[in-house]
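Kindly generate the complete structure, drawing on both the sequences and the hints.
Listed here are the chains, written in short residue letters.
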Amino acid sequence: MDSSKKIRYERPLIKPINAMMPGKTGKDTYLVPVLDVDGVPVSALVEKYGSPLFVFSERKQRENIQRAKRSFTTRYPKVHFAWSYKTNYLDGICKIFHEEGSWAEVVSGFEYDKAIRNGVSGNHIIFNGPAKTKDDLKKAITNGSFIHIDNMDELYLLSDLSDELSIKPKVAVRVNLDTEINQIWDRFGFNYENGQAWDVLCKIVRMDKFELKGLHCHIGTFILTAHAYAVAAEKMANLACNVKQKLGVNIEYLDMGGGFASKNTLKASYLGGADVCPSFDEYAEAISTAIYKAPFKTSDLPVLILETGRALIDDAACLISTVLSNKRSSSGRRFTIIDAGVNMLFTSFWYDHKVSPAQPFSKYYEDVTLYGPLCMNIDVIREFVSLPLLNRGDHLVIHNVGAYNVSQWMQFITLRPYVVQVSREGKVSVLRKRETIETIVNQESSTTDNL
Amino acid sequence: MKINANIAISQSGYIFNPQTGESFSLNPIGVEVIRMLQEEKPKETIVASIVDRYDVTASAFACDLDDFVSLLKQYEMLTDE
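Protein chains in written order, with numbering that gives the first Met the number 0: chain A, 0 to 450; chain B, 0 to 80.
Please keep in mind that the hints were generated in silico from the structure rather than gathered at the bench.
Virtual Cβ for every residue (Gly too), placed ideally from N, Cα, C.
Among the hints, erroneous ones may be present.
[As the list claims (entries may be wrong)] If you want the ones that stay clear, here's a sample from chain A, every Cβ over 10 Å from chain B, calculated: (1) I6; (2) P15; (3) I16; (4) A43; (5) H79; (6) S361; (7) M409; (8) S422; (9) E434.
[Said to hold, decoys possible] Computed Cβ-Cβ distance ranges for the label pairs, DEER-style: (10) A:R327 to B:P27: 15 to 23 Å; (11) A:S445 to B:S58: 40 to 48 Å; (12) A:Y269 to B:D54: 47 to 55 Å; (13) B:S58 to A:Y269: 40 to 48 Å; (14) A:E443 to B:D54: 42 to 50 Å; (15) A:T73 to B:P27: 48 to 56 Å.
[As the list claims (entries may be wrong)] List time: in silico BS3-like cross-link candidates among lysine-lysine, alpha-carbon distance up to 30 Å: (16) A:K167 to B:K72; (17) A:K94 to B:K42; (18) A:K5 to A:K362.
This is the structure we're talking about:
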């Protein structure tokens with residue numbers, strides 16, 4: 000038969016019919032093939048850059064930050080967003096958020112240097128993190144960045160540096176607090192409820208070596224209730240008012256940190272992520288209403304800073320992957336092995352990422368465990384997912400992968416792939432090249448040091 | 000390798016195995032393959048027939064056919080002769 004007239008192939012399928020009682024979660028799987036990313040065909044992307052492949056959407060990132068800003072600025076007069084570098088510090092990503100007016104929020108010297116390289120002025124950098132070195136702090140002080148104090152050792156180090164440089168560092172105090180949810184993140188900063196935070200604020204004012212500018216908190220990650228932010232904002236605002244009243248210092252900003260959830264579905268979640276994720280409006284309403292409750296004079300109303308990362312970038316990227324092989328488990332269950340593993344999709348440890356086929360398919364599905372290519376048993380991308388009958392060489396699109404994966408990924412066994420971005424005009428640019436063996440071996444050495 | 004004579008297969012791809020009491024569904028190509036197995040066609044003939052009409056290579060389909068046949072065995076639908 001003429002090859003152009005051949006029928007699209009699908010594997011022969013035999014499936015037991017199990018007539019069970021319908022359950023509340025027993026809805027049919029409904030997938031549509033994802034053939035393109037912002038108009039660029041998946042097949043063309045794979046042909047040019049290979050598989051696996053991270054693809055970011057400039058359009059989606061700008062839509063997200065503009066929507067978030069609109070939610071907050073329509074409720075509160077003074078708002079700044081600071082792009083969370085650890086969420087994704089590829090220059091091409093950071094620059095989009097900086098173009099949209101975001102400052103930089105960094106947590107290490109490496110990230111600090113990246114922000115400077117990206118053209119962010121020092122006084123638009125917020126320096127968080129529990130492990131700032133002396134050199135990092137010197138740089139931040141000299142550049143007039145906002146240093147968020149995490150612990151007493153850091154406070155005294157900053158005090159010494161203030162004397163050494165004859166500059167008063169611009170600082171904020173990191174505050175951890177109980178927000179009436181299960182997770183109490185008390186690792187960062189000083190506790191509100193037991194008075195640690197207040198003691199540090201008193202000490203800072205008494206030492207007279209700092210410009211106390213703000214208060215900061217980071218209540219957790221993937222916070223699915225906006226109410227937690229209302230509790231945190233109310234405590235932070237009251238703390239700021241107390242500082243003004245009792246210590247005579249005007250707190251210029253409240254930084255509510257990050258932690259807004261994305262639309263990914265957490266493992267073992269009863270409902271899908273899109274159904275339970277609060278909107279930017281809900282977060283904004285909770286935070287701004289809580290601040291307004293505090294007894295600020297209108298002229299003293301602090302600037303509100305937000306360091307949200309995940310909620311702005313997660314749904315702006317997908318990972319294209321390719322089926323390497325199909326096999327069966329001892330019980331007959333379908334195992335499908337793809338070329339993207341947990342080393343590059345770190346988030347698959349806690350999300351059930353949505354997976355879509357990237358080519359047309361029939362109405363026949365099968366239950367599949369989706370494995371990555373690593374020679375490790377933990378390399379599971381989805382433990383249980385219904386997918387059409389996939390052939391070797393078929394492509395899959397794994398959704399909502401923009402946050403953390405390309406900053407937390409590990410080079411292991413294979414090389415890390417291309418990361419590309421589709422512009423608003425539909426042009427594709429490379430954000431990060433695929434690694435080569437030279438990328439790895441050039442860092443190796445056989446020199447000997449006499450110590 | 001032969002499909003048990005008592006296996007009932009509908010045109011729409013519904014299978015009933017009276018020996019085990021289990022029911023199964025097939026996709027269209029599954030129906031085609033099982034019909035050929037009923038007719039006791041050898042594996043090579045089945046592969047040639049599918050490859051002639053579908054956009055699949057002989058090795059890719061042979062691999063899938065092995066998997067399909069192994070399931071038929073597991074579901075007790077095949078007789079070895």
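Here's how the hints hold up against the structure:
no. : hint                        : verdict
1   : I6                          : 5 Å, violated
2   : P15                         : 6 Å, violated
3   : I16                         : 4 Å, violated
4   : A43                         : 20 Å, holds
5   : H79                         : 55 Å, holds
6   : S361                        : 7 Å, violated
7   : M409                        : 32 Å, holds
8   : S422                        : 34 Å, holds
9   : E434                        : 30 Å, holds
10  : A:R327 to B:P27: 15 to 23 Å : 22 Å, holds
11  : A:S445 to B:S58: 40 to 48 Å : 44 Å, holds
12  : A:Y269 to B:D54: 47 to 55 Å : 41 Å, violated
13  : B:S58 to A:Y269: 40 to 48 Å : 44 Å, holds
14  : A:E443 to B:D54: 42 to 50 Å : 45 Å, holds
15  : A:T73 to B:P27: 48 to 56 Å  : 55 Å, holds
16  : A:K167 to B:K72             : 79 Å, violated
17  : A:K94 to B:K42              : 59 Å, violated
18  : A:K5 to A:K362              : 19 Å, holds
The earlier numbered hints that this structure contradicts are 1, 2, 3, 6, 12, 16 and 17.
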